[in-house]
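There are 2 protein chains.
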Amino acid sequence: MSDPALDALRARMHELKDLGGILGLLTWDQETYLPSKAGPARAAQLATLQGLYHQRLVAPEVGDWLERAERGELDADTRAMLKVFRRERDHAVGVPESLVRALAEAQSTGLETWRQARSERRFDRFAPALTRLLELRREQADAIGHGGERYDALLDHFEPEMTTARLLPVLERLRSALVPLVDALDGAMTGPELFDGRPFDPEQQWRFTLQLLELLGFDLNAGRQDRSIHPFTGGTHPTDVRLTTRIDPRNPSPAVFGTLHEFGHGLYEQGFSPEHHRTSLAASPSMGLHESQSRLWENLVGRSLPFWGFLYPRLRAAFPEALAAVELEDFHRVINRVRRSPIRVEADEVTYNLHIVLRTSIEVRLLRDDLAVGDLPEAWNTEMERTVGLRPRDDVEGVLQDIHWAHGEFGYFPTYALGNLYSASLMLAAEGALPSLWDEVARGEVGSLRAWLHEHVHRHGARLSAEERVQAVTGHGLTDVDFLAYLRAKYSALSGKPLPSPPAPGTPRAQMP
Amino acid sequence: MSDPALDALRARMHELKDLGGILGLLTWDQETYLPSKAGPARAAQLATLQGLYHQRLVAPEVGDWLERAERGELDADTRAMLKVFRRERDHAVGVPESLVRALAEAQSTGLETWRQARSERRFDRFAPALTRLLELRREQADAIGHGGERYDALLDHFEPEMTTARLLPVLERLRSALVPLVDALDGAMTGPELFDGRPFDPEQQWRFTLQLLELLGFDLNAGRQDRSIHPFTGGTHPTDVRLTTRIDPRNPSPAVFGTLHEFGHGLYEQGFSPEHHRTSLAASPSMGLHESQSRLWENLVGRSLPFWGFLYPRLRAAFPEALAAVELEDFHRVINRVRRSPIRVEADEVTYNLHIVLRTSIEVRLLRDDLAVGDLPEAWNTEMERTVGLRPRDDVEGVLQDIHWAHGEFGYFPTYALGNLYSASLMLAAEGALPSLWDEVARGEVGSLRAWLHEHVHRHGARLSAEERVQAVTGHGLTDVDFLAYLRAKYSALSGKPLPSPPAPGTPRAQMP
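Each protein sequence line maps, in turn, to chains A and B. In terms of my numbering, the first sequence has 380 at position 380, counting the first letter as 1, and numbering is strictly consecutive. In terms of my numbering, the second sequence has 477 at position 477, counting the first letter as 1, and numbering is strictly consecutive.
Careful, some of the hints might be misleading.
Each pair may be met inside one copy or between any two copies, as identical chains are not told apart.
[As the list claims (entries may be wrong)] Here are the simulated SDA-like pairs of lysine to any residue, each with C-alpha atoms no more than 20 Å apart in a straight line:
| hint | residue 1 | residue 2 |
| --- | --- | --- |
| 1 | K37 | L220 |
| 2 | K37 | H14 |
| 3 | K37 | R459 |
| 4 | K37 | D402 |
| 5 | K490 | L328 |
| 6 | K37 | T382 |
| 7 | K497 | D196 |
| 8 | K490 | T113 |
| 9 | K490 | S436 |
| 10 | K37 | D219 |
| 11 | K37 | A283 |
| 12 | K37 | A282 |
| 13 | K497 | T190 |
| 14 | K490 | R339 |
| 15 | K37 | E383 |
| 16 | K490 | F257 |
| 17 | K83 | A283 |
| 18 | K497 | H277 |
| 19 | K497 | R340 |
These are calculated hints, taken from the structure and not from any lab test. Keep in mind it's a predicted model, so treat the numbers as computed, not measured.
One chain only, chain A, in its complex shape (with noise of 0.2 Å):
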């Protein structure tokens, strides 16, 4: 039964998935506990090993290998292992190894010059190492391959199987239907000023984010929580995943919803298959089908009126004089209104997609050149002016407040916008399996939902592609008609106001395959 050349695979992918589980760790040290000075080394150390990634991947006795393994006689789960693992080598084997160095370098350069930039609040300090950033990521997408849309080829790396000429639509029918529903909640949704001044006690919070992420299951034997300025889940394997979290001594929000969203990613990542551990299976199929999953958490539970009602007592017991005054439906309103702003962090569901939906068009401008980098705050403010209907003050609240392009990442924002589409369909599949999901929620049991989601999401890794895998729970692709129709109940309870209908009749699911 055992195939030489399979054999051999399995070794390097170990080998592989070994190394991509180091860089994990360097990374989520530099984000959390490297001293100041070592930012160089730091950078050193993974171009290095980055480098010495790509030369492992795409050695030539590694091609040989698959070709002759893919010829044998294979198990699905085998097929499908080896089919994620030829997609990333073949969009490394175009590659040179110097290319992958530079790129390391310019993202350890970038994002110290955008923390430099971020605070002289000047763009322009940015500007040479994102215009690097985005030389090196036009020479990668054309040494990968395109069909004339460079951007194309960024995107597989975060989404495969999906292209700008699908994507684009899918984003304009959002902006369209979102539009009129922001215009409308813009100040609509009243309640007092929760978080104005009010003193959280930093350590207080810290405690009640780490009871929170026992109470949902998430496994802190196999993982842990630490601060950093910007949150993230990292970590070095399924038995070691890593959240952060950030704390405004001022307002508990960041630490409470930003717990929940890494935790969907971290049960994400905890729950592959044991079996699946140092293969390509061990991985999300995408970072939409990510995304859905801290989207799912964050928002559709964590926004919940079941959800608080189970979790205000106890927020409230941990802060009794911010929250004395405060009644549950009060808070609950505050944590979902809606209110234009310019940072997408800190939107609401409703808003939140147009942040993406400027992000997409701006990145898909510049990979086209048809966006010069000196006319990027600019382009921002004019189209955040259309979209979100705001102008930023300045280029921190503008241009310069996501930390992706600073480290080069183009083709990661989209994800976002994809993973609350699929969260929206996966959350309306797990209702209609599970039909005390909202009563167990309320009494604070999300076993049920964690199980469902381990059963029909997690366990299967990168067995299909997000679409199959969404495809397989739902009946159907990505749509957004449960994302709007989830927006419209939700907000027509809130705000206690009939909402405008989207301006063209959604595509019914069946058609957006």
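Start from chain A and add chain B according to the hints.
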């Protein structure tokens, strides 16, 4: 001027230093923050990266570059760099990668079963893992090559140019000199029982150690301190030096003296010349010289009366309840009290080296196959009685107490004794060069001593061997004269007793090369 072989060698050396730094992060993390279930995943990551490190070190092209580069006209630093690098490669080149990976795995298993054995207080649980580690180390020693004494090949890894034949008489002399000193001093120094249950708030201890690091001049922007069960100094680069400390809520000694000890290591690591970074020269030439730095700060400075004259009021202010009734002189006597104890890390300066004598003689016998693993606990206990003068109550107090063998390190222990000897010689030279040293220490100022150590030891890295470096600074090589003189002077004063002379006249320094 540029020699292509030398350039290629430098690039490979940079790569290897980066990988070595990354290995440092993996082990630091393993001892500080790794989730409990991630042990096997981390073991695999370590084995993979150690295997790759080995491959890149022993690759045939590296041998060619070395030979070609060595034929060039080289400045002294480059020649020293090549020498150090060749030593590392020559050690590795005979060792097959399979053995490297097997060792990495056996080390992880060793640590795990050692922890298990300690919690069950049963040596036999650990015996199979130790047997396996010894087997592999014997195999490794034979692969490296030696002149009939396997221990030499392992010792050379930690203390280049030291041999068993030279080491054992040094240790025997120490035994003869120290046993009568312990006999004379054990129980002779009275004082209050300070650490008999009074609480010392852990958070307060933590803050105190951080203030201590700042006072001493550890650069916390180029390093950090964390907690771990077994304190150590690690990190990834001279700009990223990581100390750990252990906090006992009933006794501030482990935290305070542990911090002083690791500070000595850490200051050394931070002090390598920037032009040597990412080369073989950014390293200590031996663990003995490294330990000289930790022991110098922990003991020669850190247990001195002038130092505590400055620090004690601050410690007392941090723990007013526990220390209100304790005067400086009593405190100073207690932290220097000579008392037979079965535990090395709790030993006073007089007894300490006897623990090393014991371990080294056992290691040599194990490597010579003169002692079976099954007979080890009894051999330990018998030797403990003969050398230190007491029998451990069980194996946790005995043979299971140290982490070194669990991690497969044989040949490390004697470097502690060498470090003690070197520390006294170096301190004597510093006192000669800095007449106001102790006045400054008494004011909490250690800048001159730090600068002197930097100038004469730290910045040189591995340019010279340990003994050559000590020779360059003090005018002589390894000797016990300075150390024994230091002990006798200190303990005559502390105990108010005349102390027995060494059994034989001390070999004059010049004769102990």
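inquiry  = I'd like to know which numbered hints this structure contradicts. Please list them from smallest to largest.
reply    = 4, 6, 7, 8, 15, 18
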